[in-house]
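Engineer: So the protein sequences, as listed, match chains A and B. In this text, residue positions in the first sequence follow my numbering: the first is 1, and each later residue adds one. In this text, residue positions in the second sequence follow my numbering: the first is 1, and each later residue adds one.
Mixed in with the good hints there might be a few duds.
Since copy identity is lost for identical chains, a pair holds within one copy or between any two.
[To be verified] Straight line, CA to CA, 30 Å or less: simulated DSSO-like cross-link-like pairs of lysine-lysine: (1) K43 to K89; (2) K20 to K97; (3) K287 to K20; (4) K71 to K52; (5) K89 to K123; (6) K287 to K163; (7) K287 to K5; (8) K287 to K235; (9) K287 to K52; (10) K5 to K91; (11) K71 to K89; (12) K123 to K84.
Just so you know, the hints here were simulated from the structure itself, not pulled from any lab data. These figures come from a predicted structure and were not determined experimentally.
2 protein chains.
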Amino acid sequence: MENVKIAIWGFGAMGAGMGKMLMNKDGVDVVSVCDLHPDRVGKSISEVLGIKGLENVIISGDIEEVLNKGKIDLCLLATDSFTKGAFSKMKLILEKKINVITTAEEMAYPKAQEPKLANEINKIAKENGVTVLGTGINPGMIMDLLVVCLTGCMETVETIEAKRVNSLSPFGVTVMEEQGVGITEEEYNKRQAAGEMAGHVGFSESINMIADAVGWNVEKFEQQMKPILTTVDRKSPYGFAKAGNLAGINMTGQGYVDGEVKINMIHPQQIEPELEGTYTGDYITIKGNPEINMAINPEVDGGIGTIAMCVNMIPHVINANPGLKTMIDLPVPRAILGDMRNFID
Amino acid sequence: MENVKIAIWGFGAMGAGMGKMLMNKDGVDVVSVCDLHPDRVGKSISEVLGIKGLENVIISGDIEEVLNKGKIDLCLLATDSFTKGAFSKMKLILEKKINVITTAEEMAYPKAQEPKLANEINKIAKENGVTVLGTGINPGMIMDLLVVCLTGCMETVETIEAKRVNSLSPFGVTVMEEQGVGITEEEYNKRQAAGEMAGHVGFSESINMIADAVGWNVEKFEQQMKPILTTVDRKSPYGFAKAGNLAGINMTGQGYVDGEVKINMIHPQQIEPELEGTYTGDYITIKGNPEINMAINPEVDGGIGTIAMCVNMIPHVINANPGLKTMIDLPVPRAILGDMRNFID
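Only chain A is shown next, with the shape it has when bound in the complex:
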């Protein structure tokens, strides 16, 4: 059997991380990469990653060229957060009969917010005999799939709380900007009123994934965003928050079932949380029979976690029946430690 052939569309932190991870795996090759960034176009993957071995794979700005480079099994799409933005790209890939895994957060459960597009994607994938999956660490795993998996031990479930307390300190300038690290409360209020604070994308997806998995009907979904104002100066490699300003933002979300909040999501993200006594971790509390209290300390690293989830799901997606899939449709994710070809049916 030939090596599994992968294309990557979007060679930023996530796409490049996947490229690097794949270079260290057996039985799989990155055969082509598309990226429009002037710092990257025309360079080899090896040059961009600083790793020897793929000097002959030159990053191209032309997606047609990238997708036509021989027989490609799957394209990793790491360009968008929203289904709308990723839609035409997925369509293009699928119509070339290439499977897709995307980091787009909304694509982890696209029917939550884009049911029409989800149907359309499913139809295109089926017509072309290929599969599409959205995944990542969150949504995709920590606040949804892992919750679903744990409910498997339970006879009854009353309420679910998923809490992810993470540090933004390892992240770069873009994330500092997106999450408002260092800005004043006034500036935050202004940006939020203007709809310029994105925050975490994925609560609606996670809540609907969990609810559909266990057979609940979400009647109402709400989410809130609040600034985390620091009382001490906090400094991270790419961020600085003066006492009184934003160290990050806290997002909360609720899914209502039978008139009650049955699914609670809590997700504060900030730089240097330990400076004010906040310890990072992933926490899942499920009331019911038996009650389950899970903690992962510290939290699973969001960057590596997303990269690993996308790469590790490659065989499951290639093996799956055609159509749009979500994490609850496929076998459990797993690290791919041996030759990737051994994981293909």
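Assemble the complex: chain A is given as a structure, and chain B must be docked to it using the hints.
Structural biologist: For chain B alone, kept in the frame of chain A given last:
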């Protein structure tokens, strides 16, 4: 669509627990039960469980009668721990074109210790167009499937440790006897030498499931059993261990990959562990990138957990392609909270 029709073979603690759980679910009916115990044969399920509603389902000692009671979708088999013991029973059920879920611990990953029987079961299931799965809380979930699932977030994995520290206090006389609760060290040594201490069945299955899932080859498997001698008197509803005697037993197991222990299993089981400062819980530590440290406190209840896993996997097994399946082949388990028919494809 008609209700899902279930038969139960073995109406002890596990089988009866599944019967009770199913009585509280919509879209599914327990249509027949086989059990040979003189206290139960000839009685209705309702009488045995002390719950109204199934007065017309009479427990029968005749498995032919039980399996021929109309069209049965799936039989829950809760009679054995070992594949050898369960084999002829599974064969009988599968040849009637009925799907099987069994609590037999070795069946969670039968190819670990019974590769020939595993092949034979797979063949019989495929010939009859039905599916067979072994599951439970452990093996089946806590020390294997959950480990596999967590590795899905990881780029590299160096070593895995799964530790389940649980209390035997809720269990009855049979478990006290099996686990040697209250016996002297001398008696333990005698029984162990005679091969009469079974301890936990499942390490080989869990280790091989994890290894196969991630692409490791287990070259060697070892396990050890040691008495847990209490320094204080311990009393549980069905057990008593005088200071100096056994409060339970500790089992450890190792899977060797590339000449090293890569998978470590630690599973002490005892009554009243808190009396000597042991707090129960399920712990998974995976070294690699990123490192993952998971804890569930207290441990997921083993009795309810096994019952729930078997019942919750019913739709996945009915939906699966024919053959022998394990937990790593099927979509993640999940609580069945709505009408079970909605979970069937």
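Engineer: Work down the list of hints and note, for each, if the structure agrees.
Structural biologist: Hint by hint, here is what the structure shows:
With identical chains, the CA atoms of K43 and K89 are at most 30 Å apart within one copy only, with a shortest distance of 23 Å there and 63 Å across copies. Taking identical chains as interchangeable, the C-alpha atoms of K20 and K97 lie at most 30 Å apart only when both belong to the same chain, with a minimum of 25 Å there against 48 Å between chains. Taking the shortest alpha-carbon separations for K287 and K20, only the inter-copy value of 20 Å comes in at or below 30 Å, while the best intra-copy value is 40 Å. In the homo-oligomer, the alpha carbons of K71 and K52 lie at most 30 Å apart inside one protomer (24 Å), although the nearest pairing across protomers, at 62 Å, exceeds that limit.
Proximity of K89 to K123 under the C-alpha cut-off of 30 Å is restricted to the intra-copy arrangement: shortest distance 15 Å within a copy versus 43 Å between copies. Proximity of K287 to K163 under the C-alpha cut-off of 30 Å is found in both arrangements, the shortest distances being 14 Å within a copy and 23 Å between copies. Taking the shortest Cα distances, K287 and K5 sit within 30 Å of each other only across copies (29 Å), while inside one copy they are farther apart (44 Å). Taking the shortest Cα distances, K287 and K235 sit within 30 Å of each other only across copies (29 Å), while inside one copy they are farther apart (38 Å).
When the C-alpha separation of K287 and K52 is checked against a cutoff of 30 Å, the pair qualifies only between copies, where the shortest distance is 26 Å, while the shortest distance within a copy is 51 Å. In this homomeric assembly, K5 and K91 come within 30 Å of each other (Cα to Cα) only inside a single copy, at 19 Å, whereas the closest approach across copies is 42 Å. In the homo-oligomer, the alpha carbons of K71 and K89 lie at most 30 Å apart inside one protomer (18 Å), although the nearest pairing across protomers, at 48 Å, exceeds that limit. Taking the shortest alpha-carbon separations for K123 and K84, only the intra-copy value of 16 Å comes in at or below 30 Å, while the best inter-copy value is 46 Å.
Checked against the numbered hints listed earlier, the structure breaks none of them; every hint is satisfied.
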